[in-house]
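Chains C, U and V, in that order, are what the protein sequence lines are. Position one of the first sequence corresponds to residue 1 (our numbering), numbered consecutively onward. Position one of the second sequence corresponds to residue 433 (our numbering), numbered consecutively onward. Position one of the third sequence corresponds to residue 643 (our numbering), numbered consecutively onward.
These are calculated hints, taken from the structure and not from any lab test. Check before you lean on any hint, since a few could be wrong.
Which stretches of chain C does chain U cover? Using the computed rule of at least three CB atoms under 8 Å from a CB of chain U, they are [as the list claims (entries may be wrong)]: (1) 38-49; (2) 232-245.
Straight line, CA to CA, 25 Å or less: simulated DSS-like cross-link-like pairs of lysine-lysine [claimed, not checked]: (3) V/908 / V/775; (4) V/775 / V/819; (5) C/357 / C/177; (6) V/903 / V/819; (7) V/908 / C/177; (8) V/775 / V/919; (9) C/271 / U/484; (10) V/918 / V/783; (11) V/773 / V/908; (12) C/274 / U/484; (13) V/819 / C/177; (14) C/357 / V/775; (15) V/939 / V/919; (16) V/919 / V/950; (17) V/908 / V/918; (18) C/177 / V/903; (19) V/903 / V/934; (20) V/773 / C/177; (21) C/274 / C/263; (22) V/783 / V/773; (23) V/950 / V/918.
Only a predicted model underlies this, so the values are computations on that prediction, with no experimental measurement involved. From the three backbone atoms N, C-alpha and C, an ideal C-beta is built for every residue, glycine too.
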Amino acid sequence: MTIEIATYLLVGSIFGLLLIGLPLAFVTGLVAVIFTLGWFGPSAIPLVGSRIYGFITEYSLVAVPMFVFMAGLLDRSGMARDLFNSMRVFSGRLPGGVAVQTLIVAFFLAAISGIIGGEIVLLGVLALPQMLRLGYDKKIAIGVVCAGGSLGTMVPPSIVLIIYGLISGVSIADLFKAAFIPAFILMAAYMLYVIITCARNPNMSGAHKPWADAPNLTAKEALKGIAAPATIALLVLGSIYGGIASVTEAAAMGAAGVLLAVKLRGEYSLKLLKESLVQTLETCGMIVWIGIGAACLVGVYNLMGGNRFVSNAILGLDVAPIVIILVMMAIFLILGMFLDWIGIAMLCLPIFIPIVKQLGLDPVWFGILFAINMQVSYISPPFGPAAFYLKSVAPEGITLKDIFGAMLPFIAIQLAVLGLMLAFPEISTWAL
Amino acid sequence: MTDPHSPKSQHSATSHQHIAPSDELSYSPEFEHTPEKTDLSDTTWVDRWVEKGGQICAWLVLIAMLISVYEVIMRYAFDSPTTWVHETTTFLVASIFALGGPYTLARNRHIQITLLQDAVGPRSRHIMKVLQWLLGIGFCVAIGYACWVLAWKATHTPMGDWRLQTSGSSWNSPLPAYTKIMLLLAVVVMSVQMLARGPGLLRRRSGGNA
Amino acid sequence: QQEWKFQINVNAGDDQYKIAQQWAEDVAQRSNGEITIELLPSSAIVGNNETLDAVGAGILQGHITDPSYFAGKNPAFAVYGNMVGAWSDPYQFLGYMRNAGGEDRYNALVEPYNVHLIRAGAMIPEALVSKRKIETMEDFKGLKIRAPEGMVSNIFQLAGAAPVNLPTSEVYTALEKGVIDAADYTVFATNYTQGYHRFAPYAIYPGFHSMPMMAVSLNKDIWDELSPDDQQMLRDSIDDFVDHLYQQLTEADQEQVEIAKQDGVKFSTLSPDELKKFRATAQSEWENWRDKSPQAKEAVDSMIQYLKDQDLL
Ligand code: NA
Ligand code: NA
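Let the hints inform the model, and build the full structure from the sequences given.
Take a look at the structure:
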């Protein structure tokens, strides 16, 4: 069997198992096991164990439970509710004002963290129910949380750019500099979309909802609602940018800060703490086990020679450089439907980077293109990690169909920004 | 009852305090008409024990947080970073991840796509559930074997003598071996959970209740 | 007709990866296409600390790696992997491995894992980038330094530094934000191209503290099946590989050092007297490792004997 046929079989079996209704956490893992057995025999099964071990001991994932715990505390205390009530006051007449402010919060979170899982869970617990409570349409609310929460890997510090730098031998400093403006453009484009949509249809942002649900606060009261979360955010940002804590440790500092704030607000109880901890265990169980299956699959696919599939699509193309780059983008987008970013990086970058350098193109610019493509991969079906993270904490009644449906306009925005970067590389590279 | 954090409203222990649940999510009519309740009809007494155990294991999250903060303080304020926090945090978080698997299974909260399942009749739905169960067992047994090999190699020399794999660091703790044992434990528990669901699942066919 | 998959412990963008790739092509040529080696970058199949088991089980056919990753299985791996302060250039260490029974002792250690060391190689001494100038042992006092776990970090601790445990993916941001003052992380050329100097403008070059072994190993069953000619062919090809690696990495380092100097990076190194102090500290640490396992004792003792025989100690 050639690797091409094996690839189609692999994708087909993923779809089949998904349709049967097997939990996602089992789907990719089971496919990995079946292909390991079929391709290499039982002696290769320990590979799966090694992959699982490698995945769960990944140090950068330490931030995930910290973010989830933080989210649970913020929500169970009155802090989340107070914050969003205040944000509604400050949004004034701006159409979709709370969603726009949520994007700003997401951008701040992105500057704290380099991974997406924890951030989306945090926003999903913090912002999603609150936006829905304030009458926002779920399409807007979900899209803002997933697309905004994914920005963490575009805004420095970013684990995606660091790994890209390490794999490709490109300056991480340059990548960080070059990524900032494209990330900012992405956020601005999301905001613009929210504002235009809500201006055209005010009901999307809860204009039909009576104010009774959100008390009419004075500016002073509203400030009070923002004070505690803002202080924590500043402390965490300060601890990273002041060189006190590493990126991963900062998540723990943030969780400790929130716990302290809960105590100071007089809302602490053992029950609240326990519930937040148990929720953390459950949410981690949901999202990490999906990642575990994906990690197994990537290892097996690599061992089967998945890189040959990728290189066959590129090598021997006798076309203009920009067409080669477009083919690479297409491969990123297709793989992004099924694999997580680290798998795509492992599979494609060792093949693509030398070609990019040979064509005389800037590998830093290509890194930005890669990072934007990964933004798409987080929210594109059927395997959209951001969608799963959100689903793991979303209120009942929010289905995966709702989530993926809400992503479509945001995917379109991401593709538009990708096109912009392809057409005008200077937008990212002028800063170097 | 549409509390965002307690998918199972019967578990009042995890219900919400500050947000009055009843009118919370009444913004969209679709919500009220398609509430997606977690189906717990498949779970067994094993799952209930796992759930209890999970509530204890959840405290590991707090420990991981506290020692990370301790490391930051020791390093920044006292210039004496520890040799043990990094390894211990990795172990604790890996354990949370591993044990989260059985806990989430016990609460039937692993994400699945129920599109087809919801569309077909009760008979086909039951067949799909049996198929899910069989495939789930296949998954657990296969990775259980993989984790068994992993744990064996972490606890034995190639000659077969007992020896815990250590981290090789200055602290040189046996936490890598413990992590692998924890992983094996999680997968074994998941296998038992799945197996225990069999009789109930197969019995239900005669009752026609899926 | 054999197709082998080798996993190497570096990323695809590293110079070491490209040089290893040339070796793989060289083997194909020498064997008239009978043996083809596919080189996989770090963590492509399994994590760096799992490759020994993967090669033993035949999931991978071989690996090119620093044995220190397996120190948790037997501390002797750390002694072979990076005997800090013992070697100031790769050929001293290779002399021990090739001519003083080092390879045989190493093979006695790995063969129970069903892995055979074809030939020992070595990296060039690693650089140390820092926010402050380091010229004496005294300068290490209070220095927050990211160091690989094990012997290296213990010696820094003995020197009065505060070794910080961080994964490679966090080295950059930790230096940038000032969580750490210095980083012991791979060779200078790589440090420089990734932009570490922007936050750590001092570098110790040539490096003195760390020179990892590069073990090129094959699954033992496969090795035993090979004809003596093929075995010899592999050994020879690796010797050439190691020479290329030394030349090309040294050249790359020197090239980057010239560029870095123009960029304002300040270079320093320890004086011979200070180096002696460093070695004395290192030797007291060797004593600790001697006691950790019988194989570690054998390794440390034979290395000390070799250093004495060669008048290096
Ligand atoms: Na970020
Ligand atoms: Na996707």
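Here is how each hint holds up against the structure:
Here's how the segment 38-49 of chain C fares: 5 of its residues keep a CB closer than 8 Å to some CB of chain U, so the rule of at least three is met and the hint holds. With a threshold of 8 Å between beta carbons, the proposed coverage of the segment 232-245 of chain C by chain U holds, since 3 of its residues qualify and at least three are required. Taken as a hint, the residue 908 of chain V and residue 775 of chain V pair is honoured in the structure, with Cα atoms around 8 Å apart against an allowance of 25 Å. With a C-alpha separation of about 18 Å, the suggested pairing of residue 775 of chain V with residue 819 of chain V holds against the 25 Å cut-off.
Between residue 357 of chain C and residue 177 of chain C, the direct Cα distance comes to roughly 20 Å. Compliance with the 25 Å bound is thereby established for this hinted pair. Of the supplied pair hints, the one linking residue 903 of chain V and residue 819 of chain V holds, its CA atoms being roughly 23 Å apart against a limit of 25 Å. As the CA atoms of residue 908 of chain V and residue 177 of chain C are separated by approximately 24 Å, the hinted pair is consistent with the 25 Å bound. A threshold of 25 Å between alpha carbons decides the hint, and for residue 775 of chain V with residue 919 of chain V the separation of about 18 Å falls inside it, so the pair holds.
Of the pairs offered as hints, the one joining residue 271 of chain C and residue 484 of chain U holds, with about 15 Å between alpha carbons and a cut-off of 25 Å not exceeded. In summary, the hint linking residue 918 of chain V to residue 783 of chain V is supported, as the alpha carbons are separated by about 17 Å, within the 25 Å threshold. Distance hint between residue 773 of chain V and residue 908 of chain V is fulfilled; the C-alpha atoms sit about 10 Å from each other, no more than 25 Å. Distance check on the hinted pair: residue 274 of chain C and residue 484 of chain U sit about 12 Å apart at the alpha-carbon level, within 25 Å; holds.
At roughly 15 Å between alpha-carbon atoms, residue 819 of chain V and residue 177 of chain C fall within 25 Å of each other, so this suggested pair holds. Taking the CA atoms of residue 357 of chain C and residue 775 of chain V, the gap is near 35 Å; set against the 25 Å cutoff, the hint is violated. Among the hinted pairs, residue 939 of chain V with residue 919 of chain V is consistent with the structure: their alpha-carbon atoms are about 23 Å apart, no more than 25 Å. Our distance criterion of 25 Å between C-alpha atoms is met by residue 919 of chain V and residue 950 of chain V, whose separation comes to about 18 Å.
Of the pairs offered as hints, the one joining residue 908 of chain V and residue 918 of chain V holds, with about 23 Å between alpha carbons and a cut-off of 25 Å not exceeded. The hinted pair formed by residue 177 of chain C and residue 903 of chain V meets the criterion: a straight-line CA distance of about 23 Å does not exceed 25 Å. This hinted pair does not check out: residue 903 of chain V and residue 934 of chain V have alpha carbons roughly 43 Å apart, beyond 25 Å. Between residue 773 of chain V and residue 177 of chain C the alpha-carbon distance is near 21 Å, which keeps this suggested pair within the 25 Å criterion.
Between residue 274 of chain C and residue 263 of chain C the CA atoms are separated by roughly 14 Å; this keeps the pair inside 25 Å, and the hint holds. A threshold of 25 Å between alpha carbons decides the hint, and for residue 783 of chain V with residue 773 of chain V the separation of about 14 Å falls inside it, so the pair holds. A hinted pair counts as satisfied when its Cα atoms are at most 25 Å apart, and residue 950 of chain V with residue 918 of chain V qualifies at roughly 15 Å.
Checked against the numbered hints above, the structure breaks hints 14 and 19 and satisfies the rest.
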